Amino acid sequence: MTSSNWIKIFIAALIGIALGLVYGWVLAPVQYTDVTPNILREDYRVDYVLMVAEAHQNEQDPETAARRLAILGSESPAEIVTSALNYATNNNFTQDEIMLLQGLLTAMQKYQPQGIDAP
Amino acid sequence: MRLFLRNSILQIILALFLGLGLGLAYSWLISPVTYVDASPAILRADFKDQYRVVIAAAYESSHDLARARVRLELLSDTDPVGALSAQAQRMLGNGESDEQVQPLAQLATDLQQGVASISSTKTPAANVPFVSTPFAAISKTPEIETPFAEEVTPTTTTEFSEPTVVTTLSFEQTPLAPQQLFTATPRPTATPNRTIGAPFTLVGQDIVCDVNLKSGLLQFTLTDSRRRQVAGIEIIVTWAEGEDRFFTGFKPELGNGYADFIMQADTIYSIRVVEGGSFVPNISAPTCTDSNGATYLGGLLLTFQQP
Chain A
1 MTSSNWIKIF IAALIGIALG LVYGWVLAPV QYTDVTPNIL REDYRVDYVL
51 MVAEAHQNEQ DPETAARRLA ILGSESPAEI VTSALNYATN NNFTQDEIML
101 LQGLLTAMQK YQPQGIDAP
Chain B
1 MRLFLRNSIL QIILALFLGL GLGLAYSWLI SPVTYVDASP AILRADFKDQ
51 YRVVIAAAYE SSHDLARARV RLELLSDTDP VGALSAQAQR MLGNGESDEQ
101 VQPLAQLATD LQQGVASISS TKTPAANVPF VSTPFAAISK TPEIETPFAE
151 EVTPTTTTEF SEPTVVTTLS FEQTPLAPQQ LFTATPRPTA TPNRTIGAPF
201 TLVGQDIVCD VNLKSGLLQF TLTDSRRRQV AGIEIIVTWA EGEDRFFTGF
251 KPELGNGYAD FIMQADTIYS IRVVEGGSFV PNISAPTCTD SNGATYLGGL
301 LLTFQQP
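So the sequence lines, in the order shown, correspond to chains A and B. Position one of the first sequence corresponds to residue 1 (my numbering), numbered consecutively onward. Position one of the second sequence corresponds to residue 1 (my numbering), numbered consecutively onward.
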């Protein structure tokens, strides 16, 4: 084969790869249906934390609140609530909502999982 | 083979398909699209269950039905009320406590009736959902700016318009699932209050002879003072050898205040409605006669109502 033929084959392969990438990433990407909450978009995460805070206001059960927050990732409950509180403060949440999050943050900062002695 | 080697068009087509295969393999297997901004709708089923529990627990505290409804819509359930009821039944079946199940049943009932079980005590301004919700905060579209100030009146129930769907596509890590932004459009509606805590009293005890029903079917209907059916009320049935506890509202297709129990022949039962402590002793399955003169075990319908 001549070198011009090789160039044509190489260009054709490149076009094929490009088409494959466009199809696989844009037109028909892998569909995820069973994801875990740690990859929730930030506003959804914060709303989830706010729900936990609302429930905590009624239940006053740090154990349950910490367990509910744990599904959001490997960070500590206090860190998760701190992130949510920062988001809420920067995005004009109502004062009531910020106070709920602050209440939850205080509870999570004091909370010690069972079996671990407080320092 | 020789023909193939000499035919440059075939060579180019083969190279094109080979490249296509490599591209697909890379984009689907080696480096598939990574989700970093997922919506609750694509959560795994057990996490969706957890999400519903938290929504119901938050609602139990805030009594903000509109907000609970929108939060449930994020899960994209075909029938949010049915999903709540089904989850409550599953939890009961798994032996979880009544305390954990009750908020789900209550939220399902309130969503079905369209009113919060207890009116929110918040001020109207504080009670409006999405004044500062995260969904509003991330929006860059003008559609979600709603004239709350002009339209809101001191009521607790609102209706919502269809969600605005915004789809973002990019090679960089971006959500490929449609992101739903919900636009709240409050419209004032009546907000009836349920009588809380009044005891349920037996107002009807009817024999039901229907061969199409299960033998010994004991049916309960619990209504409030306005004759609206009430879900989430615990009923205890006791007899000489045992006891059974269950709640109204887990068969919403038969009514929010409906519950049932199968009685055995020649067994005396006592009924207690936990909320208010109404007690009905000496209940037993009646004997009925069909059109051919044969006897069979009939049923009872007990109707309880709050005064």
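Fair warning: there could be bad hints in the mix.
Claimed, not checked - If you anchor each label on the Cβ, the simulated ranges turn out as follows:
#1 B/PHE246 - A/THR33: 46 to 52 Å
#2 B/GLY95 - A/ASP61: 18 to 24 Å
#3 A/LYS110 - B/VAL203: 48 to 54 Å
#4 A/THR36 - B/GLY95: 44 to 50 Å
#5 B/ASP77 - A/SER4: 57 to 63 Å
#6 A/THR36 - B/LEU254: 45 to 51 Å
#7 B/TYR26 - A/SER76: 51 to 57 Å
Unchecked claim - Just a sample of chain B residues kept apart from chain A, beta carbon distances all over 10 Å, derived:
#8 ARG71
#9 GLU73
#10 GLN89
Treat the hints as calculated values from the structure; they're not laboratory data. What you are looking at is a predicted structure, and each value in this text was computed from that prediction instead of being measured. Virtual Cβ for every residue (Gly too), placed ideally from N, Cα, C.
Consistency of the hints with the structure:
1. B/PHE246 - A/THR33: 46 to 52 Å: This hint is violated: roughly 34 Å between Cβ atoms.
2. B/GLY95 - A/ASP61: 18 to 24 Å: 20 Å, holds
3. A/LYS110 - B/VAL203: 48 to 54 Å: 50 Å, holds
4. A/THR36 - B/GLY95: 44 to 50 Å: Between A/THR36 and B/GLY95, where Cβ atoms are some 26 Å apart, the hint is violated.
5. B/ASP77 - A/SER4: 57 to 63 Å: 60 Å, holds
6. A/THR36 - B/LEU254: 45 to 51 Å: Since the Cβ atoms of A/THR36 and B/LEU254 sit about 37 Å apart, the hinted range of 45 to 51 Å is violated.
7. B/TYR26 - A/SER76: 51 to 57 Å: 37 Å, violated
8. ARG71: 7 Å, violated
9. GLU73: 12 Å, holds
10. GLN89: Since the minimum Cβ distance to chain A is about 21 Å, B/GLN89 lies beyond 10 Å and the statement holds.
Violated hints, in rising order: 1, 4, 6, 7 and 8; the structure is consistent with all others.
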